[in-house]
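Start from the sequences and build out the full structure, keeping to the hints where you can.
Read top to bottom, the protein sequences are chains W and G. If you count the first sequence from 1, position 477 lands on 477 in my numbering, and the numbers rise without skipping. If you count the second sequence from 1, position 10 lands on 10 in my numbering, and the numbers rise without skipping.
Everything labelled a hint here was simulated from the structure, so no lab data went into it. You may find that some hints are simply not true.
Per label pair, the in silico range of CB-to-CB distance [stated by the list, open to error]:
#, chain 1, residue 1, chain 2, residue 2, range
1, G, A126, W, A273, 54 to 64 angstroms
2, G, Y84, W, A319, 21 to 31 angstroms
3, W, A319, G, N207, 54 to 64 angstroms
4, W, Q159, G, N207, 24 to 34 angstroms
5, W, A480, G, S179, 47 to 57 angstroms
6, W, A480, G, F146, 23 to 33 angstroms
7, G, N258, W, S463, 24 to 34 angstroms
8, G, S144, W, K214, 21 to 31 angstroms
Note that this is a predicted model, so its numbers are computed, not measured. Glycine residues also receive a C-beta, built at the ideal position from the N, C-alpha and C atoms.
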Amino acid sequence: MQTTARDVDSPGDIPHDAPHVAPAEAPAHRPTATRRGFLSRALAGAAVAVGGPAAAHAQGRRPRRSRAEAVAEELASGGFASVVAAPGEWASATTRLVRRATLGLRNADVAAAKAQGYQVWLQSQLDYQRIDTATLDAQVAALWPLLSQDVNTLFSQQQNVVRTSLQSAWIHRAVLSPRQLYERMVEFWTDHFNIEIAKVGYLKVVDDRDVIRKHALGKFPALLKASAKSPAMLAYLDQTVSRVGAPNQNYARELLELHTVGVDNGYTQDDVAELSRVLTGWTIQGRGNFVFNPALHDWGQKVVMGVTIPAGSPSLGAAGIAEGEQLVDMLAAHPNTARFIATKLLKWFITPEPSAGQVSAIASVFRVTGGDMKLVVRAVLNSGWVATAPAKFKRPFHLLVSALRGSNALVTNAAVINPQLVVLGQPLYVWETPDGYPDLLEYWAGNLMPRWQFASTVANLRSSSITVDSAPYLTGTPDAAIDLIDTNFFGGEMGLATRTVLLDYLKAGTFNDQRVRDVLSLAIASESYQWY
Amino acid sequence: MTDHIDPDDCGCSEYRELSRRQFVGEAAGISGAVAAAAVFPEWLPRIVLAESFAGERDVIVSIFQRGGADGLNLCVPFGDPGYYTGRTSLAIPGPDASAPANQKVTALDNFFGFAPAMTPLIPAFASGNLLVMHATGQSYVSRSHFDAQRFMEVGKPADVTLVTGWLGRHLSLVPPLRSDAPLRALGLANGLQKSLVGAPKTLPIANPANFSIGGAANTQAARQAVISADYAAASAPLNTSALDAINTIALLQAVDFNGYAPMNGAAYPNTSFGRALKSVATLIQADIGIEAAQVDIGGWDTHAAQGGVTGALSTLTDNFAASLAAFHADIVATNARVTVVVISEFGRNVRENGSQGTDHGRATTMFAMGQGIAGGRVLVNSWPGLAIENLEKSQDLKVTLDYRDVLAEIVQNRLGNTQIDQVFPGWNATFRGVTL
Chain W
1 MQTTARDVDS PGDIPHDAPH VAPAEAPAHR PTATRRGFLS RALAGAAVAV
51 GGPAAAHAQG RRPRRSRAEA VAEELASGGF ASVVAAPGEW ASATTRLVRR
101 ATLGLRNADV AAAKAQGYQV WLQSQLDYQR IDTATLDAQV AALWPLLSQD
151 VNTLFSQQQN VVRTSLQSAW IHRAVLSPRQ LYERMVEFWT DHFNIEIAKV
201 GYLKVVDDRD VIRKHALGKF PALLKASAKS PAMLAYLDQT VSRVGAPNQN
251 YARELLELHT VGVDNGYTQD DVAELSRVLT GWTIQGRGNF VFNPALHDWG
301 QKVVMGVTIP AGSPSLGAAG IAEGEQLVDM LAAHPNTARF IATKLLKWFI
351 TPEPSAGQVS AIASVFRVTG GDMKLVVRAV LNSGWVATAP AKFKRPFHLL
401 VSALRGSNAL VTNAAVINPQ LVVLGQPLYV WETPDGYPDL LEYWAGNLMP
451 RWQFASTVAN LRSSSITVDS APYLTGTPDA AIDLIDTNFF GGEMGLATRT
501 VLLDYLKAGT FNDQRVRDVL SLAIASESYQ WY
Chain G
1 MTDHIDPDDC GCSEYRELSR RQFVGEAAGI SGAVAAAAVF PEWLPRIVLA
51 ESFAGERDVI VSIFQRGGAD GLNLCVPFGD PGYYTGRTSL AIPGPDASAP
101 ANQKVTALDN FFGFAPAMTP LIPAFASGNL LVMHATGQSY VSRSHFDAQR
151 FMEVGKPADV TLVTGWLGRH LSLVPPLRSD APLRALGLAN GLQKSLVGAP
201 KTLPIANPAN FSIGGAANTQ AARQAVISAD YAAASAPLNT SALDAINTIA
251 LLQAVDFNGY APMNGAAYPN TSFGRALKSV ATLIQADIGI EAAQVDIGGW
301 DTHAAQGGVT GALSTLTDNF AASLAAFHAD IVATNARVTV VVISEFGRNV
351 RENGSQGTDH GRATTMFAMG QGIAGGRVLV NSWPGLAIEN LEKSQDLKVT
401 LDYRDVLAEI VQNRLGNTQI DQVFPGWNAT FRGVTL
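Now the structure itself:
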């Protein structure tokens with residue numbers, strides 16, 4: 001693929017099929033990004049191919065550089081462009097939409113989207129509640145019954161059983177659910193509100209159910225408030241040990257830096273300290289229920305980002321929660337939050353380097369709609385941007401799910417494939433730092449070998465819980481088999497180079513089950529299949 | 001608790017006598033008389049003959065005892081009466097006890113001694129290559145495995161934003177031992193351990209003897225060729241990353257792991273830890289530019305029925321000690337440029353609990369091994385004592401020797417990296433005489 005560093009859109013553009021909104025006023029452009037973006041080159045589950053000065057990440061200081069600066073640094077040091085143009089074969093805007101809005105092309109989905117048309121299919125994915133998943137829900141409930149238990153029952157479960165159940169159930173849903181765009185948003189928010197399950201155990205089950213999945217395509221303010229009251233989040237970021245006189249700043253800091261306005265974007269370290277005082281008393285009780293404990297609350301006057309919370313009194317008791325709720329609401333509605341979320345969503349769905357115009361446009365939709373994610377995502381996925389978007393590199397979870405979808409695998413229990421994500425480098429719910437798994441080519445590019453191994457594994461799956469059938473590829477000629485791989489895995493837009501390589505390999509041996517499985521593995525391992 | 005024993009692995013005793021590098025050539029069907037470099041495919045940059053910094057820096061083997069190893073029952077402070085007060089059922093009798101030699105402490109000095117299960121390491125200790133350190137750990141107080149392991153491996157306590165590991169930062173700060181090596185370091189694990197995060201050209205490889213693209217064996221080479229050509233046409237960074245992976249496959253497949261003959265008749269236990277160390281030994285002997293390996297041994301979280309002279313902890317300790325002893329005889333005793341270091345996230349309570357086990361504590365033991373290590377002794381910064389008034393929170397051995405002092409000294413004096421302030425940010429290391 002060719003690389004390009006150009007912006008995909010010119011500043012000031014409004015998506016033509018987005019809701020009409022006033023152009024954004026222009027707040028000073030601030031770097032928005034993951035604060036550890038600059039680490040990416042040296043990070044890994046992975047060998048990283050590009051060497052270079054290493055001192056940047058070796059500082060012990062809390063990194064405060066923006067991704068834009070990091071990318072610039074990388075380019076200057078002889079690195080590579082992080083915006084990779086989509087292949088010329090990706091001719092259909094609708095197929096491009098299906099690539100971005102699902103966890104992997106599947107022939108049936110591509111066909112449905114083309115039949116319905118871009119806008120209708122997109123709207124049907126956004127209206128996810130109207131997509132029936134009763135059969136799948138029943139299947140998941142039967143396979144992993146503990147996921148619907150309350151905290152008092154979950155508490156007694158073995159931690160590794162809880163973890164693998166939650167992981168396997170997500171893979172199962174991601175492969176089989178017709179609510180694909182919804183699953184993409186579950187993935188987005190799981191990273192945005194990252195929680196490491198080793199630290200919080202079964203509480204993450206509740207967070208996944210009652211915060212992430214409940215609000216994945218809902219209103220951002222409700223999602224943020226649910227997360228702020230999520231026992232898993234409060235335990236993960238040490239809010240549970242924060243109290244008057246000894247406030248712990250961990251949650252307050254990430255609430256600002258990662259969940260709402262973005263790093264150093266309109267607040268100071270004093271604001272972090274003051275917000276941590278406001279949130280004293282937000283904790284959990286029993287086996288894991290949220291509670292505001294007035295005895296732990298700091299009733300003194302606080303000033304956070306210009307908002308004064310007057311001194312209160314312990315006699316107010318439970319009413320003291322209103323202070324924190326006021327701040328959470330303020331942050332959810334803050335214009336910098338709109339820009340921050342808009343930027344992340346653009347990176348998620350469209351391009352690693354959104355233009356200022358794209359950010360402003362989406363931030364406007366976010367503000368005008370009160371953070372209505374259906375409308376915001378609809379605006380992001382407008383056909384003009386999707387049709388011209390650069391390629392994005394699949395993360396391991398995406399690759400794994402897409403391979404199972406593309407191969408039309410018969411999946412009755414996804415648990416058997418879950419350990420593959422450890423080898424691939426993205427076991428679910430175990431990223432430690434609160435920023436979530438990176439979504440950067442340069443982070444994932446170093447660990448290719450497990451992808452090739454995985455391709456061999458999945459192409460040869462013949463277990464009772466997951467089966468990949470080679471028979472459909474063996475009914476005609478080798479050329480027809482390659483056509484079917486094109487249809488199933490590549491949406492009918494397989495590049496000529498990939499086709500030639502696969503066909504040559506297929507014709508070089510006896511046309512039988514093993515040869516076909518070899519070719520399936522090569523298709524999944526191919527460079528072109530790593531992109532979406 | 002204990003390692004799974006694989007009955008199919010035939011053990012280590014029957015290998016032919018081979019010269020140090022010969023087995024590399026054998027694997028590729030070439031006479032052992034031919035230099036190892038010649039066996040690699042032509043397209044592989046002449047790895048073995050490339051510029052080498054070997055001789056200036058040690059290869060480091062970093063071992064993590066996961067779960068919180070009970071250092072008090074590995075290296076027993078038999079000279080401290082508090083040990084016997086706290087350990088009513090788990091204590092190991094002192095060297096003067098009237099028990100058989102294999103049921104009591106073997107004294108290392110007049111205060112500390114090895115538990116019976118540690119005695120395979122006596123020869124390494126006696127040779128002066130093995131240093132035992134006690135009352136070590138980290139200043140960061142956490143009784144969570146998750147936090148304690150993480151911050152220890154990251155190398156900076158309580159920094160929730162630092163992601164790279166101490167070994168990863170070290171490797172990123174020094175030039176490769178061999179400039180063309182496709183693989184500089186590896187973690188013997190399915191996912192890369194935190195200590196190695198940030199290291200260039202580093203992969204998690206659970207079993208180096210089986211590093212391949214998988215699938216049908218008879219078409220593996222053909223499929224690999226297809227993948228190689230496919231990614232060669234890709235743009236950066238995928239093309240170079242793929243080349244490293246392909247070269248690493250070729251490199252590891254050229255190494256005859258099964259035919260490896262340990263030196264000095266060393267016998268690695270047939271446990272996952274023993275096999276991992278044997279793989280590391282094979283890679284070191286193959287001389288292919290590996291600079292660091294992270295190896296883990298789990299099962300140290302002995303909350304219940306840990307046993308004393310015998311029992312669960314003893315079995316695990318024997319696996320640990322016998323594996324390390326084999327690595328000593330095979331590699332450390334014969335190669336002046338290898339250093340081993342062993343850490344654990346914390347120790348255990350001095351007082352045993354009601355389940356004949358021990359709960360999460362603070363300080364524990366640490367071990368370093370190498371010809372450049374000032375071994376043959378038990379190093380303590382100052383022994384805090386096990387009397388209850390000397391314990392942290394009345395229950396734990398205090399940390400008087402920060403693990404970063406030990407690692408920093410090794411990094412500077414054995415790994416040739418003076419930028420220890422970047423390997424351990426925010427830590428002003430004091431060298432404790434760990435290295436010669």
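Tested hints:
no.: 1; hint: G:A126 x W:A273: 54 to 64 angstroms; verdict: holds (56 angstroms)
no.: 2; hint: G:Y84 x W:A319: 21 to 31 angstroms; verdict: violated (57 angstroms)
no.: 3; hint: W:A319 x G:N207: 54 to 64 angstroms; verdict: holds (60 angstroms)
no.: 4; hint: W:Q159 x G:N207: 24 to 34 angstroms; verdict: holds (27 angstroms)
no.: 5; hint: W:A480 x G:S179: 47 to 57 angstroms; verdict: holds (49 angstroms)
no.: 6; hint: W:A480 x G:F146: 23 to 33 angstroms; verdict: violated (52 angstroms)
no.: 7; hint: G:N258 x W:S463: 24 to 34 angstroms; verdict: holds (28 angstroms)
no.: 8; hint: G:S144 x W:K214: 21 to 31 angstroms; verdict: holds (29 angstroms)
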